[in-house]
Amino acid sequence: MSAPALSVEGVSKAYPGVQALDEVSLVVRPREVVGLVGENGSGKSTLLKVTAGLVKQDAGVIRVHGKALPAGNFSAAARAGVAMVFQEQSLLLNVTVAENILLGCEGDCVRYGFYDWKRLAGKAREQLDKLGSTIAPDAIVGSLSFAQRQVVELAKALAIEDRIGGEPLILLDEPTSVLDAGEIDKVLVQIERLRGRASVVFVSHRLEEVLRVADRVYVMTNGRCVAERAAKDADPAELQHLMLGQQLTQQYQRETLASPPSGVARLSVRGLHCGDRCRGVSFELHAGEILGLAGVEGSGREVVCRAVYGAVAPTAGELVLEGKTVRLAGPADAVARGIGYVPAERRIEGIVPGMSVRQNMTLAHLQTVERGWMLDLRRELRLVSDWIGRLRVRTPSTESLIGQLSGGNQQKVVLAKWLIAEQPRVLVLDHPLRGLDIGAKAEIFARIRELARSGIGVLLVADTLEELIALSDTILVMRDGEVTARFAAHERTPQPIEILEHMM
Amino acid sequence: MAGPAFLSPRLRATLVGLAPVAVLIVLLLGIGLFVPSFLSSYSLGVLMGESSPILLLAIAQTPVIMLGGIDLSVAAVTSLASVLLAYLLPSLGVPGLLVVLVITTLIGAAQGYIHVVAQLPSFVVTLAGMGLWSGVALSLAHATVPVNQGYAIVGWLQGTTLGIPTGFLFGVAGALALWACLRWTRLGRYVRAIGFGEIAATLSGVRVGRVKILVFALSGFFAGLTAMVLVARTYSGDPSAASSLLLPSIAAVVVGGTAITGGFGGLERTLVGVMIITVLRVGIAIVGIDPGYEPLAYGVVVVGAVALTIDRSRLLVIK
Numbered sequence: 001m002s003a004p005a006l007s008v009e010g011v012s013k014a015y016p017g018v019q020a021l022d023e024v025s026l027v028v029r030p031r032e033v034v035g036l037v038g039e040n041g042s043g044k045s046t047l048l049k050v051t052a053g054l055v056k057q058d059a060g061v062i063r064v065h066g067k068a069l070p071a072g073n074f075s076a077a078a079r080a081g082v083a084m085v086f087q088e089q090s091l092l093l094n095v096t097v098a099e100n101i102l103l104g105c106e107g108d109c110v111r112y113g114f115y116d117w118k119r120l121a122g123k124a125r126e127q128l129d130k131l132g133s134t135i136a137p138d139a140i141v142g143s144l145s146f147a148q149r150q151v152v153e154l155a156k157a158l159a160i161e162d163r164i165g166g167e168p169l170i171l172l173d174e175p176t177s178v179l180d181a182g183e184i185d186k187v188l189v190q191i192e193r194l195r196g197r198a199s200v201v202f203v204s205h206r207l208e209e210v211l212r213v214a215d216r217v218y219v220m221t222n223g224r225c226v227a228e229r230a231a232k233d234a235d236p237a238e239l240q241h242l243m244l245g246q247q248l249t250q251q252y253q254r255e256t257l258a259s260p261p262s263g264v265a266r267l268s269v270r271g272l273h274c275g276d277r278c279r280g281v282s283f284e285l286h287a288g289e290i291l292g293l294a295g296v297e298g299s300g301r302e303v304v305c306r307a308v309y310g311a312v313a314p315t316a317g318e319l320v321l322e323g324k325t326v327r328l329a330g331p332a333d334a335v336a337r338g339i340g341y342v343p344a345e346r347r348i349e350g351i352v353p354g355m356s357v358r359q360n361m362t363l364a365h366l367q368t369v370e371r372g373w374m375l376d377l378r379r380e381l382r383l384v385s386d387w388i389g390r391l392r393v394r395t396p397s398t399e400s401l402i403g404q405l406s407g408g409n410q411q412k413v414v415l416a417k418w419l420i421a422e423q424p425r426v427l428v429l430d431h432p433l434r435g436l437d438i439g440a441k442a443e444i445f446a447r448i449r450e451l452a453r454s455g456i457g458v459l460l461v462a463d464t465l466e467e468l469i470a471l472s473d474t475i476l477v478m479r480d481g482e483v484t485a486r487f488a489a490h491e492r493t494p495q496p497i498e499i500l501e502h503m504m
Numbered sequence: 001m002a003g004p005a006f007l008s009p010r011l012r013a014t015l016v017g018l019a020p021v022a023v024l025i026v027l028l029l030g031i032g033l034f035v036p037s038f039l040s041s042y043s044l045g046v047l048m049g050e051s052s053p054i055l056l057l058a059i060a061q062t063p064v065i066m067l068g069g070i071d072l073s074v075a076a077v078t079s080l081a082s083v084l085l086a087y088l089l090p091s092l093g094v095p096g097l098l099v100v101l102v103i104t105t106l107i108g109a110a111q112g113y114i115h116v117v118a119q120l121p122s123f124v125v126t127l128a129g130m131g132l133w134s135g136v137a138l139s140l141a142h143a144t145v146p147v148n149q150g151y152a153i154v155g156w157l158q159g160t161t162l163g164i165p166t167g168f169l170f171g172v173a174g175a176l177a178l179w180a181c182l183r184w185t186r187l188g189r190y191v192r193a194i195g196f197g198e199i200a201a202t203l204s205g206v207r208v209g210r211v212k213i214l215v216f217a218l219s220g221f222f223a224g225l226t227a228m229v230l231v232a233r234t235y236s237g238d239p240s241a242a243s244s245l246l247l248p249s250i251a252a253v254v255v256g257g258t259a260i261t262g263g264f265g266g267l268e269r270t271l272v273g274v275m276i277i278t279v280l281r282v283g284i285a286i287v288g289i290d291p292g293y294e295p296l297a298y299g300v301v302v303v304g305a306v307a308l309t310i311d312r313s314r315l316l317v318i319k
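Residue numbers (our numbering), protein chains in the order written: chain A, 1 to 504; chain B, 1 to 319.
If you are wondering where the hints come from, they were derived from the structure by calculation, not from laboratory data.
No residue lacks a Cβ here, since even glycine has one placed at the ideal position from N, Cα and C.
Treat the hints with caution; some may be incorrect.
Here are the in silico distance ranges between beta carbons for each label pair [to be verified]:
#1 A:T325 <-> B:L15: 32 to 42 Å
#2 A:F74 <-> B:A118: 33 to 43 Å
#3 B:L138 <-> A:R378: 51 to 61 Å
#4 B:A173 <-> A:G72: 42 to 52 Å
#5 B:S41 <-> A:S397: 56 to 66 Å
#6 A:F74 <-> B:S240: 28 to 38 Å
#7 A:A446 <-> B:A173: 26 to 36 Å
#8 A:R378 <-> B:A152: 42 to 52 Å
#9 B:V287 <-> A:R378: 44 to 54 Å
Facing chain B, from chain A, some residues (calculated, C-beta under 7 Å) [said to hold, decoys possible]:
#10 G196
#11 V335
#12 E349
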């Protein structure tokens, strides 16, 4: 038997506070399609990146066709035949299909510095033919549908075959997550066609897809490879159980409302539509309640958060804030009505890295430190110092640049931004624990609960189900833009597996 | 970022911040060494008078650059305002001056509005504005328009106060007022926040569009003030009065240490930058270097000063 197309041997990778990969080993045989499944943050993407040489592992070896790759060397991996198709497509939208497929390896298609368009189109055609695709090589990529682009992306990955004179290893990182049902089908058919020419590692959130195209499936949990199954006799329910692993629910103390929240809702969302990204979402959020939105990436939960904050304009439906229907023209409107937002992309959306802790903390509510037309800098300093103490922000001083603090302390400043003025009516937390180490997580976790108990309505999107279950009084599960289930914690604690069933 | 720094970040930032001042002192002393009379109070006074139009234009430019934008139309708006002043001062007097200032402010606001609402880069909008307002000025006056009457309304800027050219003091007063406004009002905080991180500012509820329009309006207002100084100096309005001042005024802002990418900087820096640019222009002639070399020295100092003052750790992308 020939050497495996890919063998991953004891690969580990740690990020501050997280063991992203923990001695992962797996094998992909020639012309085999292997599925990789796991929850968000289980290490699937990191594993693909290590294999493609985009991330350098701390320990372990990657072998492609029997040869060990130098760690963290993208071009060596590419020369060995590893091609990665990214979650966010890496095509240039403003040039033709042919140019994209042969980008960087035009070879004899360029003569005297000019394209030989015929030859270029011919070569691209060859790659597209391998997939049985009829996309024209001279079409501009931007004019294609998402599914067609994904095929171009696959053809580009296949082009590597001619260059290295061997079969490529193609890594697909959630190639279907941005597609609708019809398009997904087309892409899956293309992946099946790859089987005769390449070895494939296929990552997806959708279990049924993986089971359909893969020969074997590996399950990852918390950075470890916990199981391997042949796809044809795998039991979806068992895989789901494996994906959740021993969810460390004991890590967080659960402490939810004992009785159903009552009274007038702080915020009612009625039939909210945002194009296709969220469809007909309705819920009520009460004072003191934490409402968690569960769902995979692209399920629409982030869109709901943004719509509530006025950062995305809904196409239909209404928001009712304390009994009054409101139209939010933008985030400034939301802030004026007492809605706060902690965004997921902290470094770009949450903080202004070039400004100090003090200036970041008061940015959303400068009028509270204003006297007449002027800012009362002394009052600002007192207020900020006070909140630094209350939230135990570890910073050298109020004047330190916020970019120099650790992630957890930055996040505390972002939280404080919404607390320094009058208490917000509603606080939208989009992945508030993302990228924090365990200690910081526990602290932010406790703050969120305190905030809710003090009477704020909290809308929460969390990174993992365990966090969501531990914090939420009510959980809404979303899939493909729609709410598929609702769990009330005061009745009984939902099990991760039940939630997962409605997510996938 | 990593590794032991032999200077604390704060001290380093202070030193980098003072670099333009050092450049200015070196330039003054260097020229003074060749031509000692250059450092006399008389020639320094001339220098200040010379710098006042660039100073006011650079003040107009500074908050726009702090936002991360640019206003290429300031000089054209100034030229137009000088023509309008020459026409309106004789007939309307002081109200004429006010009318002109209102017009330039509205021009700035309109450009800001188009920039915000049409989502066009400020470079494009103000480039178009530069052409448009020059055209309007030229169609109103084909040549210089002498100010026959009412010159006194702006003429006081041409005198000296306590031995210092009044026009220069006027500019410094403007810089001070705007500096205070940026330091002690919400506007200033918002301008910096938008310059450093527009997305984060928007998501913090800052009304970014309004702030931008207001800043462009301020830019227009200061372009109007610049025209007052120019008319005072030349006793006339001129449709191309300020056209040669646009690039020096932008250079002054950047040389002073305000980041062209936005956020970092301020008017105190612009003041130093203006002095550097002016000393360079005047000094080269005084030292007796062939004026042909002036642009060369100018280019070297601009790149050198920016290389010294830019704080690369704050920037994500250099473009």
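Hints, one by one, checked against the model:
1. As the Cβ distance of A:T325 to B:L15 is approximately 56 Å, the hint placing it in 32 to 42 Å is violated.
2. For the pair A:F74 and B:A118, the beta carbons lie near 41 Å from each other, so the given range of 33 to 43 Å is met.
3. At roughly 52 Å, the beta-carbon separation of B:L138 and A:R378 lies within the given 51 to 61 Å, and the hint holds.
4. One distance hint, 42 to 52 Å for the beta-carbon pair B:A173 and A:G72, is violated here, with the actual separation near 58 Å.
5. A beta carbon spacing of about 43 Å between B:S41 and A:S397 contradicts the range 56 to 66 Å that was offered as a hint.
6. Range check, A:F74 to B:S240: Cβ separation about 55 Å, and the 28 to 38 Å hint is violated.
7. Taking the beta carbon of each, A:A446 and B:A173 are about 53 Å apart, not inside 26 to 36 Å as hinted.
8. For A:R378 paired with B:A152, a C-beta distance near 44 Å keeps the hint of 42 to 52 Å intact.
9. Hint check: B:V287 to A:R378, Cβ distance near 49 Å, so the stated range 44 to 54 Å holds.
10. Restraint check, A:G196 versus chain B: the minimum CB separation of about 43 Å is more than 7 Å; hint violated.
11. At a threshold of 7 Å, the smallest CB-CB gap from A:V335 to chain B is about 3 Å, leaving the interface hint in force.
12. At about 5 Å, the closest approach between the beta carbon of A:E349 and any beta carbon in chain B falls short of 7 Å, and the interface hint on this residue holds.
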